[in-house]
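Here the protein sequences come in this chain order: D and B. So the first sequence is residues 1 to 636, counted in UniProt numbering. So the second sequence is residues 1 to 636, counted in UniProt numbering.
Heads up, a few of these hints could be off.
Heads up, the list lumps identical chains together, so a pair's fine if it works in one copy or across two of them.
To be verified - When the alpha-carbon atoms are kept at most 20 angstroms apart in a straight line, the in silico EDC-like pairs for lysine to aspartate or glutamate are as follows:
| hint | residue 1 | residue 2 |
| --- | --- | --- |
| 1 | Lys229 | Glu72 |
| 2 | Lys229 | Glu313 |
| 3 | Lys181 | Glu607 |
| 4 | Lys181 | Glu50 |
| 5 | Lys229 | Asp402 |
| 6 | Lys166 | Glu72 |
| 7 | Lys510 | Glu468 |
| 8 | Lys181 | Asp563 |
| 9 | Lys166 | Asp609 |
| 10 | Lys229 | Glu387 |
| 11 | Lys229 | Glu393 |
No lab work stands behind these hints, which were simulated from the structure alone.
There are 2 protein chains.
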Amino acid sequence: MEANASTRPVPVAPAGARRGLGLDELRLHDGFWNRLQRRNTDATLQHCLEWMEKLGWIANFDRVADEDTGGERPGWQFSDSEIYKLIEALAWEYGRTGDGWANQTLEDLVDRIAAAQDEDGYLGTCYGHAGQADRYSDLESGHELYCIGHLLQAAVARVRTVGEDKLVEVARRAADHVCRKFGSEGRQGLCGHAEIEVGLAELGRALGEPRYTEQARLFVERRGHGRLKPIALLDATYFQDDQPVREAEVWRGHAVRALYLAAGAADVAVDTGDGELLDAVARQWSRTVQRRTYLTGGMGSRHQDEGFGEDWELPPDRAYCETCAGIASNMVSWRLYLATGEVRYADLMERTFHNVIATSPSEDGRTFFYANPLHQREAAADVRPGEVNPRAEGGVRAPWFDVSCCPTNLARTLASWQAYAASVEEKTVSLLQYAAGELRVAVAGGHLALRIDTAYPHEGTIRLHIIEAPGGEVGLRLRVPHWADGAELTDGTETERAQPGWAEVRRVFKAGDELMLTLPVQPRLTWPDERIDAQRGCVAVERGPRVLCAEAIDLPDGWSLEDIRIDPDTEPRPEGDGATVRLSPAPPERTAHGHPPYRSTRPIPAEPDWREVRLSPYHRWAQRGGTAMRVFLPAV
Amino acid sequence: MEANASTRPVPVAPAGARRGLGLDELRLHDGFWNRLQRRNTDATLQHCLEWMEKLGWIANFDRVADEDTGGERPGWQFSDSEIYKLIEALAWEYGRTGDGWANQTLEDLVDRIAAAQDEDGYLGTCYGHAGQADRYSDLESGHELYCIGHLLQAAVARVRTVGEDKLVEVARRAADHVCRKFGSEGRQGLCGHAEIEVGLAELGRALGEPRYTEQARLFVERRGHGRLKPIALLDATYFQDDQPVREAEVWRGHAVRALYLAAGAADVAVDTGDGELLDAVARQWSRTVQRRTYLTGGMGSRHQDEGFGEDWELPPDRAYCETCAGIASNMVSWRLYLATGEVRYADLMERTFHNVIATSPSEDGRTFFYANPLHQREAAADVRPGEVNPRAEGGVRAPWFDVSCCPTNLARTLASWQAYAASVEEKTVSLLQYAAGELRVAVAGGHLALRIDTAYPHEGTIRLHIIEAPGGEVGLRLRVPHWADGAELTDGTETERAQPGWAEVRRVFKAGDELMLTLPVQPRLTWPDERIDAQRGCVAVERGPRVLCAEAIDLPDGWSLEDIRIDPDTEPRPEGDGATVRLSPAPPERTAHGHPPYRSTRPIPAEPDWREVRLSPYHRWAQRGGTAMRVFLPAV
């Protein structure tokens, strides 16, 4: 008998007909995402564990268990959440690979955490014990419910991979405590940082516990009525407490908070059949993606408040594009995709996977970008090994941060990457993210198994070899990205043009059948909307799902990135996994300059001195050392 | 006998040959600066007093005097400084006008402050008393020395207008305390916010007390060696503690701190004959003005940290351009002008006076801009009367702020505006800022008195009528701004072309002589340096020293500022005190848009629908109510 949705090893499992891929349903072969996932396995998981032991964040649980609180407590008030995110990553890792170290490490951590849980189910190392402030005495910035939300997500990973265990029991007690404390008859409070909503909703699904869904609903509805007090300069907008979710038109305020909230609201909407709420989240997605999202898929235009900017406020240089916001954006898009089946959500996820999520970790999996700007004017100095980076500025990957949400968030995302690669719906399998590997899923009437051979996105051909098929008709849908103008699908006899959207073959498959989708991954120019003031007069170069960038170390001697322009009339040429374009230094005469740097005459461009210059995939920038970089190249 | 420099009623009086104007040497007639000054007299001074009484900031002194500290203390730790800046304003006001209310208010405030001064001269309402943290226990953010610096500047205003009095005595005791505590044998500390340097240096000049100058020198030299600990994410650069003043190439970090420090360093350099230090400040000025300064003269590109950006990082929308940074910039430029006589410093001061300082106060003198962005996408909602604006975002003038440095800083600057209008050097008088009025200064051999008739900057003619002249030859230098291409000077018989810089007439003047300078104030286009990414493809319109802007309320019905372009081939035409330009809506077809807002084809501009649209002086924006606004108009 087929596992039902809620017991399949997937992060998100709404009750609807469409489901994501269980981690056991796609085995990756060598390729881009496989390498990122292996790097996570081989380095990042251990790295996160080491840092959190070293800094004493894990020992915070021991201090609570030992009734030794009240002294100096290392870490921010939300540091518990990093341990929970690591546990979630370990749970997916063990579920995917059966790796003993991952399971043992998880169990050791859970033992320490369980020992810190209070009698009544409350769990947190910063509040409510001897020498600490009272529980929930600072809902605005205490992050207690935020931390518990991540605990619940970790438990979801566990229950869906090994079943109920100690972690799940700890999470259940914590969730029950939250429901008692903040239920409809309880305190009408909410957390300054959304996350409990999405955690409760999914745990409700995983355990079949409608009380958790209801509590998630209460938290979603409770926000937007100005209940949270401003923290110094951080106002209601920062917390999304300025407007009810179902009324808002666009995401605003702190980007990760806004996106976690939207993910939770989407879950609640689906589980309660609340079409109005789902439409609200979809509407916010549309407006935000159209007007407040970078070419990379990055979200968050401001360092201040780590927040969204206004419509069209998309400065490449001060782009924040926090790695966690990319992860959170994909959490929302994935939920909207599962709810609606619309291809645009999977399109944005691909963009974000390749240009935000893949950009953060270094090639050794031990340093990370926190912010992901699209323009770096000065080469950043290297971070000294073993040092915490106090500041999440872009330009250099650091091993750990003062606020270190991104490494563990990456770890849990990469450990469960398979889940987002395809979806299954009765007799239809939809391939969403292309990677070499072997897929085997149950569909009505049996199993569909196929091998995917591809070097995508480096190359554009995706070959599917059917290994096993059910007796009846099956639909195989292949996502054709919105940029793929001129894609083709062939089954060896017939070749047809595939329009952006879905290329679908519905028939009785049999073992040995082959299909080939060809996506055009030659480099191409991409023009920003004219309303994006900070990108005016510039063009970017993309190749397949990847944004390319110019790094200063690839310029001819004596050139500077502050002074180049591109020949927009010459198509970029492929080179390696990047491209070459024609660039020229751009200094016109500058003698007429006054102070400040403005002049009374229109600048006359110098005669161009075109040279072929190499652009590289954005996700690899600064892998060869700190360097100036820009995605948008001046064309005027 | 002529008063020596240090007893003349001027804010800055180095020992050199060149001096600024005493407030008693220029009486303004009706005109732009006169109106701003009268508004300050009639409304702003009283307004600041009322707010600081209402919020309890002044009563903080009473609580110290009454030994009633330890309870809730209203205001930030630096609120004392606002009372000192108001006192400075009142001192200049009384010195300039003899107004009894100003003097009485000042004396009442000084009584309350003096009562709070500790036995040993320490003065501060936030530290060192019962229930408070220890004195100087938090040099990074305590602002104790910063506050005392403003006290000393207030005392300078008093000693130079009425002589030594109770305020001066209070200041002297406070300065002595600082010298004992932080002298070369004392604690090697420095304040997180520079200001004590400039206060000590000028009080040293005013009282002829070299110990104060030496202490200022110690503080200047002590900075830049990483002595200050980071405050959360605010690092050494924020405090300018990353690099010694004499080694730095450019201003960086928190803009007001950087500029107050530079002003203090310039004072120290001049008073100690330290050419290297003076050159360092001048070098920083040049680099910063060339690469980190807005067309308005505004400084500070980032809301985060209220800081300078990198070179060429000048986003119009997120420009911070704090009003106080404009004031501080003029403090530095004025000191460099007095030290060098170079006209470029006075040029920048004019730009900053007209486009930052004059922009902040509303027409009733009771609301203020804190930040002065050059692009506002959405009309800001009005601030509710009587409410503190927690946030210094641009777009709306507010009556008071949580951090309310700008209103009192404006008050002291406007009350002493005359000082910066001209300089005197032996037999030469240099007119720097043009305003209608009557000037009478002592020069070698007697007095030069003249009437200035002008409606500048609305009109470009400046007529000088000599009322009194000494027997011998006198030089009269008129500043010709750097933008004034085609200026002319006539004495009624001969007319000559005046190049940007100085137009000088050196001769024996006699009563009845007339001179007329004509500056071209027709509107003109101004092009940003191509390296300013956020202004690429745009042009601004200026008229005389004023930057103009488009306000959404002046657009044809149905148009939006996010969607316009300018015809850069048509010269703007004067209209009122602004201009008209040819604008067109700019939407090309937008059907090809994907998500996010980028497209694969080069946008084809729509056929322009040119209309004449009015631009207004930037300093008046939002005076007619909240509105979207932009200075830089897309030309491509």
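Here is how each hint holds up against the structure:
no.	hint	verdict
1	Lys229 with Glu72	between (27 angstroms within a copy, 19 angstroms between copies)
2	Lys229 with Glu313	neither (27 angstroms within a copy, 34 angstroms between copies)
3	Lys181 with Glu607	neither (71 angstroms within a copy, 63 angstroms between copies)
4	Lys181 with Glu50	neither (35 angstroms within a copy, 45 angstroms between copies)
5	Lys229 with Asp402	between (25 angstroms within a copy, 15 angstroms between copies)
6	Lys166 with Glu72	neither (29 angstroms within a copy, 47 angstroms between copies)
7	Lys510 with Glu468	within (7 angstroms within a copy, 109 angstroms between copies)
8	Lys181 with Asp563	neither (59 angstroms within a copy, 50 angstroms between copies)
9	Lys166 with Asp609	neither (67 angstroms within a copy, 70 angstroms between copies)
10	Lys229 with Glu387	between (35 angstroms within a copy, 16 angstroms between copies)
11	Lys229 with Glu393	between (28 angstroms within a copy, 19 angstroms between copies)
Checked against the numbered hints given earlier, the structure breaks hints 2, 3, 4, 6, 8 and 9 and satisfies all the rest.
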